[in-house]
Amino acid sequence: MTTGRIAIVGASAAGLTAAETLRRGGWDGRISLIGDEPHEPYDRPPLSKQVLAGKWEPERTGLRAADALDLRLGTTATGLDVANRRVLLGDEALDCDGVIIATGVAARTLPGEARGAHVLRGLDDALALRAELANPGRRLVIVGAGVLGVEVAAVARELGHEVVVVAPEAAPMERAVGTEAGDLLAEAHRAHGVQLRLGEFVDGLLDDEGQVRGVRLTDGSEITGDAVLIAIGCTPAVEWLRDGPLDLADGIGCDSYCAAAPGIYAAGDVARWHHPVLGRPVRIEHRMNATEQGMAAARNLLAELDQERFGSRQEFTPVSYFWSDQYRFKIQAYGDLAAADQVQLRVLDKTDPGAPKAAALYRRGDSAFGALSIGIPPKQARSLRAAVATPQPWEQALSALDELAD
Amino acid sequence: MKITIDEDRCCGAGQCVLEAPDVFDQRAEDGVVVVLDAAPPAELHEASRAAEQLCPTAAIEITE
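Note that the protein sequences, when read in sequence, are chains F and A. At position 220 of the first sequence the residue is numbered 220 (the working numbering), and the sequence of numbers has no breaks. Take the position in the second sequence, starting the count at 1, then add 406; the result is the number in the working numbering.
No lab work stands behind these hints: they were computed from the structure. Every residue gets a Cβ at the ideal spot worked out from N, C-alpha and C, and that includes glycine. Please note that a few of the clues may not be correct.
Derived CB-CB ranges, DEER-like [stated by the list, open to error]: (1) D95(F) / R433(A): 45 to 55 Å; (2) M407(A) / A65(F): 12 to 22 Å; (3) D412(A) / D247(F): 37 to 47 Å; (4) D412(A) / N135(F): 27 to 37 Å.
Among chain A residues calculated to face chain F with C-beta under 10 Å, some are [stated by the list, open to error]: (5) D414; (6) G418; (7) A419; (8) G420; (9) V423; (10) A434; (11) D436; (12) A448; (13) E449.
Generate the whole structure from the sequences, applying the supplied hints.
The structure is reproduced here in structure tokens:
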């Protein structure tokens with residue numbers, strides 16, 4: 001039986017793109033787009049950059065929605081009947097031809113609560129931290145040295161605050177880019193006056209009658225501050241699916257078409273799918289992936305529903321991309337930087353440690369799977385993408401680094 | 407078809423250039439998108455729309 005409805009759970013970049021792709025692909029039935037936040041759909045990367053810095057007002061982060069949507073804001077999905085393709089919204093049940101799950105991730109946090117302790121995932125989080133940083137001369141402790149933690153460190157330094165970053169890793173962004181490039185970023189942040197406390201473990205928040213006053217480390221020592229940002233990663237938002245049959249080991253397990261079950265697809269931060277080129281399951285929390293996977297999931301769902309009308313399903317094989325803006329330099333990465341056997345980093349200019357210029361290639365087996373640029377004009381850095389778009393033999397890929405150095 | 411861009415939003419990802427190289431380019435110094443053809447011919451419409459949709463910062467807007 002056809003219901004004439006596709007439900008998309010999650011109204012951020014991946015869900016919104018899926019909705020737009022369904023419409024553009026020719027789906028003329030209903031599209032119910034369900035978002036648990038009360039805000040109109042918005043974009044997240046500016047939250048830790050332009051919004052936090054006070055350069056953009058929240059409205060500027062708005063994303064376009066597709067036409068003629070049944071948009072349900074402030075609505076939380078409470079369950080999914082996978083076999084019957086039925087989305088539960090509390091007392092309401094939506095019968096669907098297909099479902100796309102794009103519920104994203106939620107920020108991990110430390111035990112305890114205190115005024116002045118922040119996470120940064122949604123718009124309201126960003127505005128709360130921005131209000132904190134509007135008071136001059138604060139001392140901000142950032143727990144976590146991932147992309148988010150160090151982006152906020154850069155913004156807070158540029159606003160004139162004292163910043164301490166504490167993390168167990170040996171280098172900033174180590175998990176994203178490896179130790180070699182991470183060391184270069186450590187130097188850049190130190191040159192800008194960030195205090196890095198690497199290789200140290202946070203045990204919990206220090207608070208004084210409900211007001212945060214820093215963090216306690218596992219060795220018992222303390223780092224004091226007026227505000228704390230907890231940036232220790234995210235957890236896939238899958239609790240509402242717990243009672244069902246889906247594989248929820250790390251996000252929602254999907255096949256190479258982004259399908260979690262017949263008629264049920266997943267996209268964006270929450271989706272772990274089998275990447276046929278990389279030959280392993282991946283879950284990617286990058287903005288670009290939200291868009292690309294939203295498109296792929298929507299197209300494949302349509303193809304499954306009506307192959308004659310919408311064509312065949314295609315495996316999802318993206319060249320992953322992420323960028324980060326810190327101080328005056330941009331970081332861009334293409335492909336798969338994780339699980340590299342070897343990293344070849346080439347520093348192109350080190351005269352200003354606060355604005356490094358470097359490029360790196362990431363090897364797994366005999367091929368280059370990932371590429372990174374730091375402080376290189378984006379158009380120039382695009383040549384690195386070609387070296388990893390179809391993984392090239394390592395020696396051949398290295399010539400892309402030579403060309404950048406010339 | 408008319409293409410407009412918001413330079414402030416652009417992050418220099420270059421996805422638009424990969425998708426529609428006859429319509430988009432990047433500024434050499436900072437990678438910000440440059441529109442080569444703000445009213446592209448019909449055969450470039452599909453690629454232009456794909457570029458609009460793929461842009462990770464929604465910096466490209468297409469109106470009919």
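The hints, checked one at a time:
Take D95(F) and R433(A): their Cβ atoms lie about 50 Å apart, and the range 45 to 55 Å holds. Against the hinted window of 12 to 22 Å, the Cβ-Cβ separation of M407(A) and A65(F) comes to about 20 Å, which satisfies the hint. Checking the proposed 37 to 47 Å range against D412(A) and D247(F) shows it holds: the Cβ atoms sit about 40 Å from each other. For the pair D412(A) and N135(F), the beta carbons lie near 31 Å from each other, so the given range of 27 to 37 Å is met.
Given hint, D414(A) at the interface with chain F, holds; its Cβ is 8 Å from that chain's nearest Cβ, closer than 10 Å. Of the supplied interface hints, the one on G418(A) holds, with its beta-carbon coming within about 3 Å of a beta-carbon of chain F, less than 10 Å. Taken as an interface hint, A419(A) checks out: its beta carbon lies about 6 Å from the nearest beta carbon of chain F, inside 10 Å. For G420(A), the shortest C-beta to C-beta distance to chain F is roughly 5 Å, which falls under 10 Å, so the interface hint holds.
With its C-beta approaching chain F no nearer than about 7 Å, V423(A) sits inside the 10 Å limit, and its interface hint holds. Given hint, A434(A) at the interface with chain F, holds; its Cβ is 6 Å from that chain's nearest Cβ, closer than 10 Å. Interface restraint check: D436(A) against chain F, minimum CB-CB distance 6 Å, threshold 10 Å, status holds. Among the interface hints, the one on A448(A) is violated; its C-beta lies about 16 Å from the nearest C-beta in chain F, farther than the 10 Å criterion.
Hint on E449(A) is violated. Least Cβ distance to chain F is approximately 18 Å, over the 10 Å limit.
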